[in-house]
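Participant: Position one of the sequence shown corresponds to residue 0 (numbering that gives the first Met the number 0), numbered consecutively onward.
No lab work stands behind these hints, which were simulated from the structure alone.
Check before you lean on any hint, since a few could be wrong.
Stated by the list, open to error - Just the calculated beta-carbon pair ranges, DEER-fashion:
| no. | residue 1 | residue 2 | range |
| --- | --- | --- | --- |
| 1 | D295 | R170 | 26 to 32 Å |
| 2 | S78 | A18 | 52 to 58 Å |
| 3 | E297 | R146 | 55 to 61 Å |
| 4 | V158 | D370 | 41 to 47 Å |
| 5 | G105 | A13 | 37 to 43 Å |
| 6 | L22 | A64 | 22 to 28 Å |
| 7 | P150 | Y220 | 30 to 36 Å |
| 8 | V19 | L131 | 41 to 47 Å |
| 9 | R36 | G401 | 39 to 45 Å |
| 10 | E297 | P375 | 49 to 55 Å |
| 11 | Y220 | A304 | 25 to 31 Å |
| 12 | F114 | S262 | 48 to 54 Å |
Glycine included, each C-beta is placed from N, C-alpha and C at the ideal position.
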Amino acid sequence: MPLEGAGALAGFLAYAAMAVVALRVVLSYKSAAHAARRLWRWADEWAQAYQYYEVPRLVGGGDAAENPLFRKAAAYVSSLPTLEDADAACVLSSATKSNDFSLQLGAGHTAHDAFLGARLAWTNGGKGKDGLCERLVLRVRRHDRTRVLRPYLQHVESVADEMEQRRRDLRLYANTGSDGARWASAPFTHPATLDTVAMDPELKTRVRADLESFLKGRSYYHRLRRVWRRSYLLYGPHGTGKSTFAAAMARFLGYDVYDIDLSRAGSDDLRAMLLDTAPRSLILVEDLDRYLRGGDGETSAARAARVLGFMDGLSSCCGEERVMVFTMSGGKEGVDPAVLRPGRLDVHIHFAMCDFEGFKALASNYLGLKDHKLYPQVEEGFHAGARLSPAELGEIMLANRGSPSRALRTVINALQHVTAPPARTSSAARPPRLSSRLSGHLDESNTASSESNAASLSPGTGGGFGKDAPMREIKKLYGLIKIRSRKEGGVVPVDDTASANGRGSDASTEKDR
Numbered sequence: 000m001p002l003e004g005a006g007a008l009a010g011f012l013a014y015a016a017m018a019v020v021a022l023r024v025v026l027s028y029k030s031a032a033h034a035a036r037r038l039w040r041w042a043d044e045w046a047q048a049y050q051y052y053e054v055p056r057l058v059g060g061g062d063a064a065e066n067p068l069f070r071k072a073a074a075y076v077s078s079l080p081t082l083e084d085a086d087a088a089c090v091l092s093s094a095t096k097s098n099d100f101s102l103q104l105g106a107g108h109t110a111h112d113a114f115l116g117a118r119l120a121w122t123n124g125g126k127g128k129d130g131l132c133e134r135l136v137l138r139v140r141r142h143d144r145t146r147v148l149r150p151y152l153q154h155v156e157s158v159a160d161e162m163e164q165r166r167r168d169l170r171l172y173a174n175t176g177s178d179g180a181r182w183a184s185a186p187f188t189h190p191a192t193l194d195t196v197a198m199d200p201e202l203k204t205r206v207r208a209d210l211e212s213f214l215k216g217r218s219y220y221h222r223l224r225r226v227w228r229r230s231y232l233l234y235g236p237h238g239t240g241k242s243t244f245a246a247a248m249a250r251f252l253g254y255d256v257y258d259i260d261l262s263r264a265g266s267d268d269l270r271a272m273l274l275d276t277a278p279r280s281l282i283l284v285e286d287l288d289r290y291l292r293g294g295d296g297e298t299s300a301a302r303a304a305r306v307l308g309f310m311d312g313l314s315s316c317c318g319e320e321r322v323m324v325f326t327m328s329g330g331k332e333g334v335d336p337a338v339l340r341p342g343r344l345d346v347h348i349h350f351a352m353c354d355f356e357g358f359k360a361l362a363s364n365y366l367g368l369k370d371h372k373l374y375p376q377v378e379e380g381f382h383a384g385a386r387l388s389p390a391e392l393g394e395i396m397l398a399n400r401g402s403p404s405r406a407l408r409t410v411i412n413a414l415q416h417v418t419a420p421p422a423r424t425s426s427a428a429r430p431p432r433l434s435s436r437l438s439g440h441l442d443e444s445n446t447a448s449s450e451s452n453a454a455s456l457s458p459g460t461g462g463g464f465g466k467d468a469p470m471r472e473i474k475k476l477y478g479l480i481k482i483r484s485r486k487e488g489g490v491v492p493v494d495d496t497a498s499a500n501g502r503g504s505d506a507s508t509e510k511d512r
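Please construct the entire structure, taking both the sequences and the accompanying hints into account.
Facilitator: In structure tokens, the structure reads:
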């Protein structure tokens, strides 16, 4: 009997062990697949012939200096997605930015990369006496080395430079006009970004694509023997978001901003200031049209000649990877066409007053509203032709952010006191049609949705554009008819006097939402 019990117990234990083994195999199939891949990789690597290139951290023997390529290669390796699959990696955090973590390759371990169809690998060559990585070792298949080595190292440097540019703190420079110091600088802390600026998604996508194309265009510009530079004209009434958009462009590019006041500098000073600006910078000139009108004993022709030399003179070519942004508070009428031509101002973006679509975008950002019972009255005001600037609407919403109903009533009251612009009837006043970018001049229009606007392309000589003129006139007529019918039906225009004083609407805020 005892023998039978012992045999049953042994059989039970054997079955339990087999079940555990089967369960582990089922649950760890990913580990088994990973082990199989590593075995295949090891066999493939064993069968190949490789060339090894060491990148030391220090060069120069006794008076050693840091190897610039090592710093860039280390930054590049830390950005490789395959680093997360390495057997060992060090996790680091930024001393200046919160929630900014990075990985570094562990000593003796390898991270893999691919470039132009070739497989490459970076290995940490071990720590030196100071505890830092002593060298990185690049491994390339021998039959690929002549084809990919030099382009790959150029790629590594390019990616590392871009990473360093985006991580560094930006600065704002302004010309002081004094002889002692040409530039005064401060940290550039403007919070605007292309992601947070409210504007038409299509226009934002096109501007972003244009900026990205410029950033990646070094070899293209060099092949064409052209200066690596791009210029933009932002024009429209005051308060339509031109300066904010320029700040968002600088933030997207990762460029320092040089804010130049043309009235403080003579022609010689302008050339000297251009020579003082660093590559990878955004040069901002505001109110160009006001400066071109002349003053202080200078004629408009003299100032135009100075601006032309500033835009594309030889001094403007002494530096690469620059973006120049000019703003004008009026239209392009009356400005010398030589100033506006492509090559001096490549991209024209029109910022107009806010329409109803722009108002809704602002209401969503400032008040968190997607819809409201007062929206039809606001829409009537805009369809009647009344317009407000994004700055005016933003201030109204900021002052009344505690009560969306009071904010909308204030907007309605403001629209009722705005004189609608005269209707365009002549064919010459109609906005230009869409045209191809192949014309060499991109003219975009930010038809003011406050920063949320409609946009399109027009030839280099054209101005802004919007929706088709007949449709706009029909909407204006429809809005006027509705307002007249409301008045004839006894509807009293909204009087925001009481609500502006903060009485009677706060209690109904949640209900009105």
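Participant: Of the hints stated earlier, which fail here?
Facilitator: Numbers 2, 6, 7, 9, in rising order.
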